[in-house]
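Protein chains: 2
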Amino acid sequence: MLITLACVGGKPRPKDAFEDLISEYLKRCVGVVRCDAEAFRTEKALLEWVSHKQGRTPPVLMLLDERGRQMTSAALAEWLRARLDEGKQHVVFAVGPADGWSDRAREEARRRGSLLALGPMTFAHQLARLIMAEQIYRACTILTGHPYHIGH
Amino acid sequence: MLITLACVGGKPRPKDAFEDLISEYLKRCVGVVRCDAEAFRTEKALLEWVSHKQGRTPPVLMLLDERGRQMTSAALAEWLRARLDEGKQHVVFAVGPADGWSDRAREEARRRGSLLALGPMTFAHQLARLIMAEQIYRACTILTGHPYHIGH
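Chains as they are written, first to last, in this note's numbering: chain A, 12 to 163; chain B, 12 to 163.
No lab work stands behind these hints: they were computed from the structure.
Any given hint could turn out to be false.
Heads up, the list lumps identical chains together, so a pair's fine if it works in one copy or across two of them.
To be verified - The list that follows gives simulated cross-link-like pairs (lysine-lysine, PhoX-like), each with its CA atoms no further than 25 Å apart:
no., residue 1, residue 2
1, K99, K22
2, K55, K38
3, K99, K38
4, K22, K55
5, K26, K64
6, K26, K99
7, K26, K38
8, K22, K38
9, K99, K55
10, K64, K38
11, K99, K64
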């Protein structure tokens with residue numbers, strides 16, 4: 012399975028401390044899932060990219076959204092395990108623009124996946140990406156029984 | 012007011028990408044509150060430090076804890092404003108050890124402040140510190156009407 016950490020908007024940033032940490036977490040998932048990162052200028056560009064993705068199974072789209080459902084790290088790992096069991100080849104977690112997702116994007120996510128809330132707080136764009144990268148890695152460690160989740 | 016971002020346990024780390032980002036957020040609070048960071052080897056050391064702090068008002072202790080109450084970023088800013096209005100001089104936000112707080116620490120927090128949950132997910136120690144640093148900065152921008160909170 013490929014997991015894409017996607018984002019829409021946000022300032023273009025070359026290499027900064029956030030990018031280093033995000034890359035590191037995504038790299039550490041190897042052996043469980045492959046991960047990459049994609050940035051889109053607009054929500055429309057993201058949705059078109061998702062709808063044109065060819066593969067044996069269509070991508071599962073998870074939009075990070077305050078209206079989404081909150082999950083514990085263990086519940087996210089179980090959710091991921093269920094997608095693996097279904098034979099899904101591609102899951103896309105997407106961090107939205109500063110003004111949030113449109114109704115159309117939310118509808119698309121409900122059709123292709125779900126809406127996920129990181130909690131009640133609002134996070135900076137790069138921080139939301141980093142949190143999601145760590146949660147993807149944490150889910151991988153939960154699925155493989157690595158002790159990271161219970162305190163390294 | 013002084014805000015201390017405290018932590019208990021975690022591996023000793025020199026300067027890493029997390030530390031750089033945390034320092035940067037704490038520095039940016041200047042003009043609203045002063046911030047510093049403290050690390051304690053044990054929960055006991057933290058609680059003794061808090062109880063020996065002298066000042067016109069005793070420190071308000073907020074322990075980050077999954078059993079705590081979840082707050083939006085705006086609610087956290089309002090909470091901070093209320094402490095400023097009460098003339099509190101020192102607020103301590105503390106990230107706990109990997110195995111969580113003891114009942115004694117939770118009791119102490121309820122007496123001196125409260126328990127705060129960042130949401131339902133489990134975060135790495137350094138990531139929890141970074142999230143809290145960003146939320147402190149975000150609260151400062153909400154209190155001063157800086158546009159950061161509504162998308163930079």
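Hint check results:
Within a single copy, K99 and K22 get their C-alpha atoms no closer than 32 Å, and across copies no closer than 37 Å, so neither meets the 25 Å cut-off. Proximity of K55 to K38 under the C-alpha cut-off of 25 Å is found in neither arrangement, the shortest distances being 28 Å within a copy and 37 Å between copies. Taking the shortest Cα distances, K99 and K38 sit within 25 Å of each other inside one copy (20 Å), while across copies they are farther apart (44 Å). Only within a single protomer do K22 and K55 lie at most 25 Å apart by alpha-carbon distance; the minimum there is 17 Å, versus 43 Å between protomers.
When the C-alpha separation of K26 and K64 is checked against a cutoff of 25 Å, the pair qualifies neither within a copy, at 27 Å, nor between copies, at 41 Å. With identical chains, the CA atoms of K26 and K99 are never at most 25 Å apart, being 31 Å at best within one copy and 40 Å at best between copies. Taking the shortest Cα distances, K26 and K38 sit within 25 Å of each other both inside one copy (16 Å) and across copies (21 Å). Both within a single protomer and between protomers do K22 and K38 lie at most 25 Å apart by alpha-carbon distance, with minima of 23 Å and 21 Å respectively.
Proximity of K99 to K55 under the C-alpha cut-off of 25 Å is restricted to the intra-copy arrangement: shortest distance 23 Å within a copy versus 48 Å between copies. Only within a single protomer do K64 and K38 lie at most 25 Å apart by alpha-carbon distance; the minimum there is 23 Å, versus 43 Å between protomers. In the homo-oligomer, the alpha carbons of K99 and K64 lie at most 25 Å apart inside one protomer (13 Å), although the nearest pairing across protomers, at 55 Å, exceeds that limit.
Violated hints, listed in ascending order, are 1, 2, 5, 6; each of the other numbered hints is respected by the structure.
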